[in-house]
Amino acid sequence: MNRALTVARLQFVAWPFVVGWPWGILALSFFINLALFASIGDIDPAPVTGGLASIYIVMLVASTQTIMQDFPFTIGLGVSRRSFYLGNLLQFTTQAIGYAAVLYLLAVVEEATGGWGIDLTFFGLPFLLVDNPVLRYLAFAIPFLLLGFLGIAIALVFKRWGVNGILTLTTATIVGFGGLGVLATWRGWWPAIGGWFADQPGGALLVGYPALLALPLAAASYLIIRRATP
Amino acid sequence: MSPVISVTDLTKRYRGGVTALDRVSFSLTENRIYGLLGRNGAGKTTLMQILTAQNFATSGEVRVFGEHPYENERVLARTSFIKESQTYPPVRVHHVLRAASLIHPGWDEEFAQQLVDDFRLPSRRNVRKLSRGMLSALGIIIGLASRAPLTFFDEPYLGLDAVARQIFYDRLLADYTEHPRTIVLSTHLIDEVSELIEHVLLIDAGRLLLDADAETLRGQVLTVSGPVASVDEFARTGTELHRVRLGGTARATVRGDFGPADHDRARTLGLALEASSLQDTVVRLTTATNGAAPAITGATSKEAHR
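Sequence order for the protein chains is A and B.
Heads up, the first sequence is in the numbering used here, so the first residue is 1 and it goes up one at a time.
Heads up, the second sequence is in the numbering used here, so the first residue is 1 and it goes up one at a time.
Isolated chain A, as found in the complex:
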């Protein structure tokens, strides 16, 4: 466990790189949106941007880099795969907790200032369905973990099985989703599927299901990394 803590600390050795990129890009996106909508003036309905997604996308990219760059380096320094994995789990969780708290605060500020004075929704969640403050906080945090584990799992497939592994995974995904799409169209299930999504509470869509997806990804990643070579 000590070594896992060390690995988690390793990630923050170059903290300007780790923290700077996601927040720098998010800030850039925010100010561009602010300038843009401020110069347009009154719009109806009030503008909702997708800019918040940028920090989650950076997280996805950063998690693949964890496997592509940090894995060979850290294992090369002499750490077990288990410690490397647990250390990153710890680091991701810490990051998700911290980042979600900042985003939550920014969303509160956004509401209090009437959307930065111009009715802009940037940090506010796309679904106004989440009222409970705890669920609202988790709705910021859990997607970080989901994307983190998704990036790790995909990069590990590449690390362990190479290009063939990625191609197999892509093929399986296309066949799987495509097959389900064909099946749903053929059986006329689309209205029922749409209705099911509409019936789900916001908390389930932003917290519950991402968490349910993140868990098997985390478990699969652990099994793959145990036999991966740097």
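Not one of these hints is a red herring.
Straight-line alpha carbon distances no greater than 30 Å define the calculated DSBU-like cross-link-like pairs of lysine-lysine that follow: (1) A:Lys159 <-> B:Lys83; (2) A:Lys159 <-> B:Lys129; (3) B:Lys129 <-> B:Lys83.
Source of the hints: derived by calculation from the structure; they are not laboratory data.
We have chain A already, so just place chain B on it with the hints.
Relative to chain A, chain B alone:
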């Protein structure tokens, strides 16, 4: 004293049928400098990767500090493996050193800083912008300053100039004398390190050809030159590894258990006698064993030009 490393019948076959290691067995004792020698593709890197649990054996037994290294922090925390192919995340040099200092319990920061100065490494520069030689120097600094009880250097000098290589050998020897530890040095620049190496492991095509004390080996391999008949006569006392003929004279590399009596006999036969360098020994042993005819021809023509 229990060995630091013991390897029994270690075999590694890669997919596609390449046998990188073929039933290799040996053991390394504490606090010595080992030279792991062999041609490109001989299996040196694979061996070190398996010993540090970065790769997996097909069959056979590996013990490091008495335990299996796979997922074993007790073993890995005492091991440092510096390899030519090591990649780094795109951070600054001082970040990499900081990371290494966190991982290695025996890290000496003062020594690391001194080495950074010795190698003139720009510590604020991003590792992606380092030259090949600087990258090698970074690896060497990590390997030395980590002071790991078991340290592997896998051709750590790529792109390093002669001065920097000499600094590496000097610092390695000085620090080893002060802080004894087990060092495995894999290298192609055999002449440069022959003074450093205390024990030689030679592998070729995945098989262990030689596992010998360097000092003992020095007296065992001799190069004799003189009239063909006399060379023939002397060569019978050992195993002839290599021969060059030039008219009526010959020059042969012979391996055997030679003593002062044999030296006297060579002189009586009118032969010039010299101990082969470690590099010559390794080359001759490798080419003699796998019977690589073209290699011997090449060596002969080169020798003949002298």
